[in-house]
Amino acid sequence: MQKVTCSVEALEEMADTLWYVRLKPAQTVDFQSGQYLLVVMADDDKRPFSIANMPNEQGTLELHIGASPDNSYAMQVLTRMQEQGQIEVQLPAGKAYLRAESRHPVILMAGGTGFAYTRAILQKMLADGLHKPVFLYWGVRFEDHLYADAEMKAWAAEHRELTYVPVVQNGNEHWQGRTGLVHEAIMEDFPSLTGYDVYVAGRFEMAGVAREAFKEKGVEAERLFGDAYEFI
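Residue numbers are given in the numbering used here: position 29 of the sequence shown equals residue 389, and the series is strictly consecutive.
Hints were generated in silico from the structure; no laboratory data involved.
None of these values were measured; they are calculated from a predicted model.
Think of the CB as a built atom: it goes at the ideal place given N, C-alpha and C, for glycine as much as any other residue.
Please note: incorrect hints may appear among the correct ones.
[What the hints assert, rightly or not] If you anchor each label on the Cβ, the simulated ranges turn out as follows:
#1 T539 with K577: 15 to 23 Å
#2 Y589 with Q387: 26 to 34 Å
#3 E372 with N416: 14 to 22 Å
#4 E572 with T523: 19 to 27 Å
[As the list claims (entries may be wrong)] No farther apart than 16 Å at their CA atoms in a straight line, the calculated lysine to aspartate or glutamate pairs in the EDC-like style are these:
#5 K363 with D403
#6 K484 with E417
#7 K384 with E417
#8 K575 with E548
#9 K384 with E422
#10 K577 with D549
#11 K484 with E521
#12 K484 with D390
#13 K484 with E422
#14 K577 with E544
#15 K363 with D405
#16 K363 with E448
#17 K575 with E544
#18 K492 with E461
#19 K577 with E548
#20 K484 with E511
#21 K384 with E369
#22 K484 with E461
#23 K492 with E518
#24 K363 with D404
#25 K455 with D390
#26 K455 with E582
#27 K363 with D390
#28 K406 with E448
#29 K492 with E521
#30 K513 with E503
#31 K455 with E590
#32 K384 with E448
Using the sequences and the hints given, assemble the complete structure.
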């Protein structure tokens, strides 16, 4: 992995406790869509965050960070970025990157800021030309956590092969979309997951539950991708 210092080009609050970060590495970096980086807080303290964009000519790295005062793990990273204007990272990390050569239809499932991972994969697929069905399911606790809802609706309107399904766990009376748990929405919509490439990002607990549920629907182990599965 490369170790590189990045300047902080942007640090903006997208929604309550959700932050957008754009980093500019001091040198060219190499990674694939769906990989993550490690923020180096100390030699023995490296914190993973999904890269939310595909590789681009500008060489920038986008992050979506969920951070609240009671989440010191992420808040400390944001505080260092704000105070120092730069951060040291290592990359690339992760084996759950986009399998661009695959001809299988794709299901992308994101929980919360796990959306960053699925966004990078989807962005790359659209850039290469979408010639197969892709389904993006994004689950959040509250509607206002769908910070990229407008962008995803626009992408889906532009690409007929793309279906976007936001799922709100705690929808209020104004929410007109799907409610409940995101993996359950997929279970309801697909009689079988055999023959699909399934990419999963979110909390380990969610990824574990989804894996067991998707096995019941026939997902093939070699076609189920997620960084969590390296650890659980």
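Results for each hint:
no., hint, in the structure
1, T539 with K577: 15 to 23 Å, "holds (21 Å)"
2, Y589 with Q387: 26 to 34 Å, "holds (31 Å)"
3, E372 with N416: 14 to 22 Å, "holds (19 Å)"
4, E572 with T523: 19 to 27 Å, "holds (24 Å)"
5, K363 with D403, "holds (11 Å)"
6, K484 with E417, "holds (13 Å)"
7, K384 with E417, "holds (12 Å)"
8, K575 with E548, "holds (14 Å)"
9, K384 with E422, "holds (9 Å)"
10, K577 with D549, "holds (11 Å)"
11, K484 with E521, "holds (14 Å)"
12, K484 with D390, "holds (15 Å)"
13, K484 with E422, "holds (14 Å)"
14, K577 with E544, "holds (12 Å)"
15, K363 with D405, "holds (14 Å)"
16, K363 with E448, "holds (7 Å)"
17, K575 with E544, "holds (13 Å)"
18, K492 with E461, "holds (12 Å)"
19, K577 with E548, "holds (10 Å)"
20, K484 with E511, "holds (15 Å)"
21, K384 with E369, "holds (6 Å)"
22, K484 with E461, "holds (12 Å)"
23, K492 with E518, "holds (14 Å)"
24, K363 with D404, "holds (14 Å)"
25, K455 with D390, "holds (14 Å)"
26, K455 with E582, "holds (12 Å)"
27, K363 with D390, "holds (11 Å)"
28, K406 with E448, "holds (10 Å)"
29, K492 with E521, "holds (6 Å)"
30, K513 with E503, "holds (14 Å)"
31, K455 with E590, "holds (8 Å)"
32, K384 with E448, "holds (11 Å)"
Against the hints set out earlier in the document, no violation occurs for any number.
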